[in-house]
Each structure stands twice: as C-alpha cells, then as structure tokens.
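Q: Spelled out from the first residue to the last, the chains are:
2 protein chains.
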Amino acid sequence: MDTILLTPGPTMILDEAREALGRPIIHHRTPQFQANIKEVIEGLQYVYQTKNDIYLMTCSGTGAMEATVCNLLSPGDEAITVNGGKFGERWAELCEAYDAKPTVIDVEWGQAVDPEKIREHLKANPKIKAVFVTLNETSTGVVSDIEAIGKVVAETDAVMIVDAVSGLGVVDCQTDKWKADMVVSGSHKGFMLPPGLAFISASEKAIKLINSSTNRRFYFDLRKSKKAFEATDTPFTPAIGIVIGMVESLRWMREKGIENLFAHYERLAKGCRAAAKALDLKLLADESCISNVLTAIHIPEGVDGGKLVKTMRDTHGVTCAGGQGHLKGKIIRIAHMGIVNEDHIIRCLETFELVLKEMGYSFTDQAGVNAAKAVFNS
Amino acid sequence: MDTILLTPGPTMILDEAREALGRPIIHHRTPQFQANIKEVIEGLQYVYQTKNDIYLMTCSGTGAMEATVCNLLSPGDEAITVNGGKFGERWAELCEAYDAKPTVIDVEWGQAVDPEKIREHLKANPKIKAVFVTLNETSTGVVSDIEAIGKVVAETDAVMIVDAVSGLGVVDCQTDKWKADMVVSGSHKGFMLPPGLAFISASEKAIKLINSSTNRRFYFDLRKSKKAFEATDTPFTPAIGIVIGMVESLRWMREKGIENLFAHYERLAKGCRAAAKALDLKLLADESCISNVLTAIHIPEGVDGGKLVKTMRDTHGVTCAGGQGHLKGKIIRIAHMGIVNEDHIIRCLETFELVLKEMGYSFTDQAGVNAAKAVFNS
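Those sequence lines, one after another, are chains A and B. With positions in the first sequence counted from 1, the corresponding number in the working numbering is that position plus 4. With positions in the second sequence counted from 1, the corresponding number in the working numbering is that position plus 4.
Since the hints were derived computationally from the structure, they do not count as laboratory data. Treat the hints with care, as some may be off.
Identical copies carry no separate label here, and so any pair may be met within one copy or between two of them.
Claimed, not checked - Straight-line distance between alpha carbons at most 27 Å, and here's what the computed DSS-like set of lysine-lysine pairs gives:
1) K311 with K42
2) K105 with K228
3) K231 with K332
4) K127 with K105
5) K311 with K281
6) K228 with K90
7) K314 with K231
8) K181 with K133
9) K42 with K209
With the sequences and hints as input, model every part of the structure.
A: Here's what the structure looks like:
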C-alpha cells in the first residue's frame, strides 16, 4: 500500500532530499561541507526573510526553543508566554525550568492571543525582558499575528521570540520587517526533512541579551554558535546528512518561491475547511486566526477520534494526527505543508469520509471531497 | 573518483543504513516506530554489554556528555577528569560550565591515565562524586583501561562516566562487568551512521544522582529520558531517520558479532602500525595504550601535515584526519572502524606513501603497504 503522511511534523520528505540523505557521507571540516553550510544559511535567510545571523543546532525544535530561553534570560528574569496550545505551554515550562518568571496569558485553544493583551502586560511590568510567541500552534492550527505583536514589543526594551517550528516556509514570517528578534524552526516541518536539525535567527537586540545571561550552558550556548556562524561552521559535529538534505529542500523552495508556496498551502487549507463545512463538522480554530499549516477538525459526538485516526493509518495508509492534551480523541489534524498537494488532500478526505461513515456518522457521500475539489478547481 | 572516508567520525555509512536513511519517513508516535526503538535499545544493550537503561538523545556526542554532567552534578560538586586529549579536556570544560569543580589529571597526549592516580585522588578527596574518563581518545588514538578505573571507582560512592563516543562497538567496553555507571556514545563512529543521535546508559547508582541534581535543564533532563525509556519512547521528537538507520547498523553488528568486529579492527590497526614502523614514522600513542579505533602517526620533520592530509583528500579521494590542538599539522589520524576493511587501509597507505614521497620524505617504495599486507595475510 502506498502510504502518505499528513502529520504536522514529521512531513513527507522531498524526493531530492531523500536521495541526498542516502548519499555517502562527507566530513564536516571540509571546504565541500562548508559550501553546504553557506548555501543552507543563505537559503534559510531567504525563507526567514532576514539578514540576521542564523545558527544551526543539532537537536529537535524543543532544544532550539530551550536555547533561546537559557541564552536570553537569567534566573529571576521576567517574560511573557501565551498558553493557547501545547507548544505555547512549552515556552512557560522552559522559562520555569530556568527559574525565569513567565506571565502566562491564557487563551482558549483555537483562539489567537490579542496583541493588545501583550501591550498591557508590557506596560504594567517594564521588567519583562522577553515575549515568547508561536507562529503556528501545531496543536490547534492557530496562527498568531506576529506582525502586530512585533510592533508592540519593538516599542519596548523586550525581545520577541517566535516558535516558527511548524510555520516557517508554510505561512508568511517576515523576520526583519516584523521585528522578530529570534525565530526558531526545524528541519522536519516545512523543510520536508527528518527531524534532527534546528535553526535560530538572532537580531542585534537578542545578541546583546545572549551575551549577558548568567545561565549555565554549553551545547546550547549561542555565543559559541555566533562564533561558529561567523566562520561558516558549527560549534559541534552537526547532523551532516540533514544539512546536505537542506541544500536540496532549500533549492526546491527557492525555485518555487515562498510566496507561491504560501498561496499553494492556503489553497490546500481552504479545501480542507470547505470539506469540513460540507460534512457539517466544526473547525477547532476560529476563522479569524485559522492557519494554513494544518486544519484541526472536531470529530463528531459518538465517534472515537483516536480509533478513527488509527484506522485511517493502519487500514488505509493515510497518517494524520489526532488531538493533544485535553483534545485527545476529539480532533483530527490534517497537515498541508511541504510536498503535500491536492491529490494527497483528496485521498485523505476520501479516507476520512470512508472511516467516518463506517464509524456511524452520516452525511452525503463525497460531500467533503467534492467541496475540496471545488476549491482546488476554482 | 571513488572516495573513501577514514576519519574518526563521521565514518562511512553502511549500505543497508544508507538505504534506510533514504526511505520515506514514518511518524514517531506509531507502533511501527516504537518497534524500531525497541530493537535499537536491545541492539545497543548488546553492544554496550549492559542491562542498564539506554537513553536516546537527538544531539551530537558533546550534547550527551553535557547531559551526564548536568544531571549527575550540582554546582560546587567535585569531580575528576583526565586531560590527555581534546575530548578528555571537554569533560573539564563541561564541569566548569556547570560550576562543578573538576580535579584535572594531566596526562601527556599519547599516554593513558594511570588508574592508581585516580585512586589517590579519590582517597584524598572523598567528596568527589564523579570520575569522567574516555574509552578511546579520538584526538590521540589512546585507549584507557576502563576496567581498572571501574574497579577503583566502584570501591567508592563516586560514579564513573565513560565517553565511548568513538570507541563503542570498535573496542571492548563491558559496561556492566566493568561497572561503568554511564556510557556515552553516538551514531557517527562505530555505528556507521550520520551524526545526530547519541546514547547514554545509566546504572542504578547513576539514576540516584540524576534524581538529586539541582541543575536547571529541560531537553537534557535525563529524568524525562528515563520516563520515556520506560514507555519505549523518546521525550522529544527524535532523529527518526537515524533511529531507523540504527536498526540496520545494529542488525549488521549483531550478525557479525562484536568479538569478531573487535578482532577485525585490531587486525586493521596492527596493519597501520606495521606500516608506520616500516616507513620509520613514530606512532603518537604509547604501545601500552594504543587504540584499535584509529592510528595516529607523526608526520616526519619538514613535511606539512595539513597539506599532506588535504592532498590525500582533494587529489586522491582519501579522507583522513589531521591533528587537533597543539598537534595540528603534525600527525595524521587513520580511523579503522565501522565498515573499513583491509582494502580501504591498503588504498589509504598507498596514497599516504605517494603524497609523502611527493612532499620530499624518502623511504623504500611500498614499504608501509607491504608491511600492512603482511599483517593482513598472516
């Protein structure tokens, strides 16, 4: 059975990258590999829309998120985090792990944070040093208004750090124009590669803070990363294979053009939303902040969402994600990023309908599929 | 030109693992991937010769070394490290980064630490909580007597932590029998895979200390790793591709049998040593502690070692490593681990002789190559 993977990370790997991953390895202290690093950094700066430094880290997205926290803050420092999903929560957990004091803005899962709320907190507490936000909240399919938050934060001495692990290269993220001081991403979402390599951009404002943190750190010490960046190197042995795969992914992304990719993913997202509506199923994310990275759909009452996702995967070869936290078993998350195309989405929706019907939910046959097709053909 | 890689990390990738790395990716929260984790842990326990927990970490070897330091020690805690090469030095740097107090035993590069020295320090200072040692010092090609050090440490309350990043699967390391409380290794040396995945074994004695450290940590928090280990899972998104590659590497290693691999690498090492002797070149490591992982050979006076290694690589497609630290330009390091065989070593020695001759060193043609062949044919 030909299987497809429509989870919000990992994503299906680009064919050219798969070929690169299977190549004989080269040593990392060679001019050949240095040329790869150079091309990857330049490609990332294109996708990040930045002239800032970009540091390559061999770790998962969480490792890179931790690096921003432990390099920017010192114990006792104050910060703002937004709790509107599993990955927003992680920012607060990371701050707490480093004895920083996060002011947590609670947001209902499915909603985005109001930038004015952040403004109020920054006004009320000028000691806040950092505002940690999420571009695309992977657990809910909500996209935050980073541009508006960036404006608010830029008026203060605080820095804005964006978790763009699942959003970068899929939805717009204008690092420089939106004044994002640090943006974190990883290889296994929009970049169509296995997990294991993460990236962090750093503005001048961020670098100043990095140099003043008193936290103990070594592998995640971004002062070492900056030094390596300036030498087109990495401070420790990097995930060589993934770096070489990134050369291929970034060539593909530059060739397509990020604006065209954003438009493509938007079309796929609109198809999924139309399908949900036609099946009379509710979307988790509010219309005002719904993301083009993935679509989270409520499973109808009486249907076991966990079993549904499992059946789609094990019987039909279509892997989507279920819900996390309190949404476990209650939603399906269909990702439309990387190399996902209209045919993948149609196959996913056909399977979704088939299993929904088997599990007792009634609707007009092909209603969702046809609604998506109508969007794709328009 | 068909190129070969004889560096002490990364090493050439096993063909079956290359095929695995290029496969379509699967999601990590699936029964299929869980079966992979299970097989990898069992395979690692075979190579580690242990029944202890083994934690999978997505990072380089240094990241995993840091995890042992920041989980075992708290600020102010005392430890012993051995400074006889670049990676022994790293243990001290890591201790210092976490405000622990290392007693550094200085050893001439090329020599191994005397276990009695460790005994003296442990006797003199019962507050020492951890002894950090190196199985194979990659910068010098020296192997430590872990068995003897383990005996010394086991008589005290301290734990012994072994950097086996480049040694594991290449030379003997009997984790349980030698009472190694934590053993660190990585994917890109004896396991014939790209860098990006690291492993840590932990004894009961180590786990007690892990639970008492006051260091701030999150991604490297081995309490999270233990919990995940018990659920045949990883705490964060793992380097999926490398885990799947490890299934292939470990099958290959189990099929060959580690004792046979150790004997094979010993034969390759003996061939290299015989070649150096026949060429009238000095070995860096003392005969009493010379390693079978790699052979470090002094470049003769008047020959630029950096240029020699570069010419071998760029003109002849044979990549070896040069010297690190104060040995830069002064030695060549030929690794014989992973899939390296007699033919690779002969080609390397032929190239080494060719370039040595071009650079003005005189010797009997084929002297080194013939000496190695004599070892291989005996």
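Q: Should K105 paired with K228 be assigned to within, between, both, or neither, using CA atoms and 27 Å as the limit?
A: Intra 26 Å, inter 22 Å, cutoff 27 Å: intra and inter.
Q: For the identical chains here, do K311 and K42 meet the 27 Å Cα criterion within one copy, between copies, both, or neither?
A: Close across copies (24 Å), not inside one copy (46 Å); limit 27 Å.
Q: Go through the copies and call it for K311 and K281: within, between, both or neither, with a Cα cutoff of 27 Å.
A: within (22 Å within a copy, 67 Å between copies)
Q: How would you classify K228 and K90 at a CA-CA limit of 27 Å: within, between, both, or neither?
A: between (30 Å within a copy, 17 Å between copies)
Q: Please work out whether the CA atoms of K231 and K332 approach to 27 Å or closer within one copy, between two copies, in both situations, or in neither?
A: The answer is between: 20 Å across copies meets 27 Å, while 43 Å in one copy does not.
Q: For K127 vs K105, is the C-alpha pair at or below 27 Å within one copy, between two copies, both, or neither?
A: The answer is within: 17 Å in one copy meets 27 Å, while 43 Å across copies does not.
Q: Please work out whether the CA atoms of K314 and K231 approach to 27 Å or closer within one copy, between two copies, in both situations, or in neither?
A: Between copies, since 24 Å is at most 27 Å while 46 Å is not.
Q: Within a copy, between copies, both or neither: which one fits K42 and K209 at a CA-CA cutoff of 27 Å?
A: within (24 Å within a copy, 45 Å between copies)
Q: Quick one: K181 to K133, C-alpha cut-off 27 Å, is that within a copy, between copies, both, or neither?
A: within (21 Å within a copy, 51 Å between copies)
Every hint, counting from the list given before, is met by this structure.
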